[in-house]
Amino acid sequence: MSSLSIAGHEIRRLLRDRALPVLLGLLVVLAAYAAWNGSAWVGQREAAISLINAEEQDARDRSRGFVGKAPSVLPRVQPVLPPGPMAALSIGQADAYPYTADVVALGDRSQLLRHVWSDIGNPAVQAAGRFDLAFVIVFLLPLVILATTFDLWSRECERGITALVLSQPIAAGRLIAVKALARGAIVLLPALAIIIAVAAGSGATRPSGLAVLALIVLAYGSFWLALAVLIGCFARRTTEAAIAAGALWLLIVVMAPSLVLAAVNLMVPPPSQMQLATALKAQLADTARQQQLRHAAASPATRSPAPRIADAVRVAYADLVQADQAIAPLIAAHTEAEDARRQALDRARLLLPSVAVQDALDRLAGSDADRALAFQQQVLAYWHARRQLHKDYLDRDVPQTLAEYDALPRFEFQDTAGALQRGVLIDLAALAVATLLLLIAAWSMRRRLATP
Amino acid sequence: MSDASPTFSRPASAVRQTLVVAATQLKLMWRERRLLWLALTLLLLAGASVTTGAARLAQQAQERQIVAEQEAGLWDSQGTIDPHAAAHVGRAIPAPVRPLAALDPGITDFVGTSVFIEGHAQNPARHRPVDAGTALSRFDGFSAAWALQVVAPLLIILAGFASLSGDVARETLRQELGSGASAHVLIGGRLIALATASLLLVLALLAVSLPGMVGRTLGTADITALVAMFAAYALYLLVFCAITIGVSARFSAARTSLVVLLGFWVVATLLAPRVAPALAESLYPTPTAPAFRAAVTEDAEHGADGHDPADKRLDALKAEMLARYQVKDVDDLPVNFRGVALEFAEANSTETYNRHFERIYATYQRQAITQRAFAALSPTLALQAASRALARTDFPAQLAFLRGVEDYRYRLIQALNLEVKQHKAANGSKHLADIATLTRSVAYSPQQPPLGHIAAAQSVNFAILLAWVLLALGLVFTSARHLGSAP
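Chains A and B, in that order, give the protein sequences. Per my numbering, the first sequence starts with residue 962, numbered consecutively. Per my numbering, the second sequence starts with residue 5, numbered consecutively.
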């Protein structure tokens, strides 16, 4: 009995099953709806960014009239984090980080990303979880694969034909592997085509992005196929196999990630944003009070000849720098605690295949935490540069000119990672290891296939 | 009397037989150790979730208490300054911690934990626990409530799908029917057994949850809400028990029963609760924050803010004041016109913000009503809404907090403006006042929806659950008839 004939028989048997077209049809409908949802979200985000850009331009135009009347005119800038080219795939963490900032050159750093207004979406809708293509891939695709592969061997056991099948000149391990591959090809390849088609239809059309998406779906699909092989090795009855498949799906996709998250939150709790805000306010108020007392005690120094830009402006700038320095340790401690928690969460994902896939899709879509943090870093650097400009005007003692105002640098987010970035490769490696472990477990249990 | 006895004894005997069948089924379930272990694991996880959740809530309550005290200290330490400057300093008001959130966190992690209040503006709540996460954060959601909403129905299905279908069960059934037993008695007994096991699961969950929550400021209202919550869960699980038995009786093949029941479970507990909110939001979109802000800015910030001397509405107000007091200059008014302008502007901007926010809340409400329509497909949606409302972890509870804060904000800012209005300052200077003394009488008292209001609002969801119970019992009844006529 050749592998080809086994595969052919398995494919014919699966194609006769009326459940397959129903499942694939359902997948088409759900994936299309999810892709549309993702695309609508991208449209909404882009519309919001257009409004922000218009607001910024308005501030820029209005401030132009003040150039020459003040040492420097540095209007409020609202940098934005635009959705990536594959953004419709996954909303991911895009709602959990600010996508815009308030760069006021002479404001304090704590106001940069306060994002008081960043989100007014219905919390009840957000709590339900987003219905995007990532959800379809991570949660629903395994169900489709398991529904068509859970009885790889249990049906033969139930019909009492295992001895007959195994009397043929083929090893049990090879037999089940060929069956799994045949069924996998019939389910996974159409599912992959559906996902790629709806992703492209939603606007995620970058070829390298689609290639990585295909790689992720295939890797994840292989993991679930390997799990189906393992179920085949120990489940003797179809209902037992179905229960095992359902329970493993629940464990891998829902329970384990949720429990690991709870454990990480317990071991590395998130730092309190509320306490930080109050501590910053207290520190700034204290610094302002000290500065007032110091200024009241010391008479202002006078220079001869008097500078073009009054020294009072330099004193005000020095006060700002001092306030920044005063709150810097508080912000640094908070950032460190946040980073430690994020690192723990990031490491935990490597043990959880469903989370690794979610992470890979988030990274591919550009809705991951790292991209949001890169935006924050770039905003901070831009704010520093803006402040430096003000300082330069003070140092040269010549107010900003109209030409300089018109040449003020604009913020543009620089993407630091491509489609096949390091994080995605790590996710794929974690998935490959998990699949390999399952296959090793199945290999070690192959003798049980012959047990009636 | 003697004629009436058989009439009475027949139902009595049927009830007795049903109970005997139920007792036998319970014994069989007890012997199925795998399910028992699964149920015990679920109880352990749910109990651990409640205990850790309660500890986390206690820590949050302490943290918020500290923040509230620090904020009060900062406010009072402003000393003697221009009262309107204090309005710009503002203060943060932390949200109250809901004790039953340990059981059902609802939307707790998705709403801001404090509101920063200041003059001229209403800010939305900030500092959401869900902020600044990673991919794993999208998998949040395990709680005792979630275990009862999603996992317990699965256990019921696994425990009951083969009770009347499958070769062995059908053969046993044939023998039982052949010995004269009624199909209604056999199916009723199995339903009672499954419902009893489910009720025991709910009671066990209550038993493992209570130690974690006791002593953590559980008031009478909370305990009443807890009882109502568990009643709702009992109804909900009864729906799954009846559907499981009904389907098991309807299909002779255990595989078909399992596929049908698992399909219903996936749609009811996993898909519908995620698809319904997404569809509701598509039908009634929430505006983006920049669009909302632009609309408010247009109305409020470009309107009278009390600072802009060129504002036309302030000109009209000035003219009215001058006419009322029959003077020619604002300096001749018996009150400080700056305070009058600030008071007027605050009322104006508050009205604008309220109007815009109410529009957003109305959109949320329409989304909630649309979601409720999907409860026809899934009892989970009705239960989820009722459970969150009783735990005070739904949006109306958050809204009560937001409205309470806004009420306080308005009173506080207007108290400051009144002080400015009542004190004329000479030579263009500003009147100064001790902020702590001035605002001591303006207190913030946290608001939460009374249980009576919650019960009234949730009556629709309870009615939907009852309708599901009736529908599921109807399925059991028709399946029993089907079974009696063609086993």
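One should not assume that every hint holds.
Keeping only pairs whose Cα atoms sit at most 25 angstroms apart, straight-line, the calculated SDA-like set for lysine to any residue is [stated by the list, open to error]:
1) 1242/A x 441/B
2) 1242/A x 411/B
3) 1352/A x 438/B
4) 316/B x 1019/A
5) 31/B x 1205/A
6) 31/B x 283/B
7) 434/B x 1255/A
8) 1242/A x 134/B
9) 1242/A x 184/B
10) 1242/A x 1348/A
11) 434/B x 1250/A
12) 1242/A x 74/B
13) 1030/A x 81/B
14) 1242/A x 166/B
15) 434/B x 94/B
16) 1242/A x 211/B
17) 1352/A x 1022/A
18) 1352/A x 66/B
19) 1242/A x 1223/A
20) 1030/A x 1254/A
21) 434/B x 1022/A
22) 1242/A x 78/B
23) 1242/A x 66/B
24) 1242/A x 36/B
25) 434/B x 1358/A
26) 1242/A x 1254/A
27) 434/B x 422/B
28) 1242/A x 89/B
29) 1242/A x 85/B
30) 1242/A x 79/B
31) 31/B x 184/B
32) 1242/A x 436/B
33) 1242/A x 73/B
34) 1030/A x 94/B
35) 1242/A x 94/B
36) 1242/A x 70/B
37) 1242/A x 125/B
38) 434/B x 1252/A
39) 1242/A x 461/B
Since the hints were made in silico from the structure, they are not lab data.
Take the C-alpha atoms of residue 1242/A and residue 73/B, compute the straight-line distance between them, and say whether it is at most 25 angstroms.
OK: residue 1242/A and residue 73/B at ~14 angstroms, within 25 angstroms.
Could you grab the alpha-carbon distance between residue 1242/A and residue 70/B and see if it respects the 25 angstroms cut-off?
Status holds; Cα separation ~15 angstroms.
Hey, residue 1242/A versus residue 85/B, does the alpha-carbon distance stay inside 25 angstroms?
holds, 17 angstroms
Below or equal to 25 angstroms on CA atoms is what counts here, so check residue 316/B against residue 1019/A.
holds, 23 angstroms
Within 25 angstroms, alpha carbon to alpha carbon, are residue 31/B and residue 1205/A?
holds, 24 angstroms
When you check the alpha-carbon spacing of residue 1242/A and residue 441/B, does it fall within 25 angstroms?
Holds, at about 21 angstroms.
Pair hint residue 434/B and residue 1252/A, alpha-carbon separation not exceeding 25 angstroms:
Judged against 25 angstroms, a Cα distance of about 22 angstroms means the pair holds.
Pair hint residue 1242/A and residue 166/B, alpha-carbon separation not exceeding 25 angstroms:
violated, 63 angstroms
Check the hint pairing residue 1242/A with residue 1223/A against an upper bound of 25 angstroms on the C-alpha distance.
Judged against 25 angstroms, a Cα distance of about 31 angstroms means the pair is violated.
Checking one constraint from the list: CA of residue 1242/A to CA of residue 1348/A, max 25 angstroms. Satisfied?
holds, 21 angstroms
Given pair status - residue 36/B, residue 1242/A, alpha carbons within 25 angstroms
violated, 61 angstroms
Residue 1242/A paired with residue 436/B [C-alpha distance capped at 25 angstroms]
Judged against 25 angstroms, a Cα distance of about 22 angstroms means the pair holds.
The structure does not agree with the numbered hints 3, 6, 9, 13, 14, 16, 18, 19, 20, 21, 24, 25, 34 and 39 stated previously, though it agrees with the rest.
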